[in-house]
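*Asks:* Sequence:
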Amino acid sequence: MSLTCPTGHLLLVVDDMKMMRALAAQAPSVWPGVRCFAVLLGLGDRCMSVSLDYSKATAAVPEAFAEPSWRISGLLRQAYEFHGGFACASKYTCREMLNTSPSIICACSPTHSGAIAFMEISKCFHSRSRVEEPYSLIAPGTTCEELVRRAMANPWNTHGEIFPKQVTAGRIKAYFDFNYNLASAKHFSPLLAAAGLSDSEFVITKHCLQLLYRVASLGLVTKPDLAEMMLEWSGTMAYFPVNLGSADSQPKILGNLLRVGLLQEDGEAYRCTTVGYRFLSSIPDKCCDPDQAGRLQSWMCMQIDTARARIERYLKIHFQPRAEPVEASSEAA
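Under the UniProt record's numbering, the first residue of the sequence shown is numbered 1, with each subsequent residue one higher.
To be clear, the hints were calculated from the coordinates, so they are not data collected in a lab. Just to be clear, a hint being listed does not mean it is correct.
[What the hints assert, rightly or not] Heads up, simulated SDA-like pairs for lysine to any residue below, C-alpha to C-alpha not over 20 Å straight-line: (1) K165 / R149; (2) K186 / T205; (3) K206 / D248; (4) K173 / E133; (5) K223 / K186; (6) K186 / K91.
[To be verified] Have a look at the derived ranges for each label pair, beta carbon to beta carbon: (7) G160 / K123: 16 to 24 Å; (8) G160 / R313: 43 to 51 Å; (9) P155 / P190: 48 to 56 Å; (10) S282 / K91: 50 to 58 Å; (11) S69 / A247: 36 to 44 Å; (12) T236 / S29: 45 to 53 Å.
This one's a predicted model, so the numbers in the text were calculated from it and none came from an experiment. The beta carbon of each residue, even a glycine, is placed where N, CA and C say it ideally should be.
Go ahead and model the full structure; you've got the sequences and the hints to work with.
*Replies:* Shown next as structure tokens:
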């Protein structure tokens, strides 16, 4: 049975427990007498994520492009309430709080991931007219007590200069990732199977492929060197160095390559496996693009229509099948 949620309260949408605890600790002094609740956006545990079944994809680049669809999970989990400077489990679910809270505050990380996820979750629970209005925004970017207190006392709003740009960047990245993975499932997965990969569910993502190329070209990469490489991915130096994935996704990128047997550990280093080399030799050379992460970062700073046009052109070239060699006919000879 659904409960009637309390009136006159604040609901904070937060993307990790560390920040939630920091906000709860400052709430009594910044907002005395105000009842505060919080729900986890769950970027780390994918509460908000792109809902895809790549293995059953019917549309794929370069034949067609698709908009990413979003799903929200974890709505039956308990929301949190702030008591005496602590975040405690409440008797309300996340769904109940999101459906009924009169005042929702975005307290997510000030990044494209946090911005796009907050706006997508807002669309599911609010009318179009409400979503288009500004939400209060608390984005200290750190759990430092003084900075958290200052951010809570002086909130921004989602119509400021930075937040809309981050939402656009998040949509552009989601568009690229969705279509890249859709095409990868169609074009690369059969080649992975032919190379000897036994995991039929594995879809090689953009960062997995470029990391595989890099390790294969170097022969052997020490674990510290690979970690540094992913933190400061410089490609051919055509773009400023970027992270190859987020702090949350980097272990998964490497872990997936090891799990399916495209990379293997060699003492305190990594090397490409026979299956990995066989797969790389079966795909067009143009798929090796060490500047891909930098390109995507630059597209994320563009207007969305311009970026999508660049992405579509890039993916059509990237996934264009390798031309079959033409045998000389006896007549031509």
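*Asks:* Decide, hint by hint, whether the structure agrees.
*Replies:* Tested hints:
In summary, the hint linking K165 to R149 is not supported, as the alpha carbons are separated by about 25 Å, beyond the 20 Å threshold. Among the hinted pairs, K186 with T205 is consistent with the structure: their alpha-carbon atoms are about 12 Å apart, no more than 20 Å. Of the pairs offered as hints, the one joining K206 and D248 holds, with about 16 Å between alpha carbons and a cut-off of 20 Å not exceeded. Annotation: proposed proximity of K173 to E133 is violated, straight-line Cα distance about 24 Å (limit 20 Å).
Our distance criterion of 20 Å between C-alpha atoms is broken by K223 and K186, whose separation comes to about 32 Å. The hinted pair formed by K186 and K91 fails the criterion: a straight-line CA distance of about 45 Å is larger than 20 Å. For the pair G160 and K123, the supplied restraint of 16 to 24 Å holds, since their beta-carbon distance comes to about 19 Å. For the hinted restraint 43 to 51 Å between G160 and R313, the CB-CB distance of approximately 32 Å leaves it violated.
Taking 48 to 56 Å as the suggested C-beta distance range, the pair P155 and P190 conforms, at roughly 51 Å. A C-beta distance of roughly 56 Å is found between S282 and K91, which places it inside the suggested range of 50 to 58 Å. The hinted window of 36 to 44 Å between S69 and A247 is violated, with their beta carbons roughly 26 Å apart. Roughly 51 Å separates the CB atoms of T236 and S29, a value that falls within the hinted 45 to 53 Å.
Hints 1, 4, 5, 6, 8, 11, counting from the list given before, are not met by this structure.
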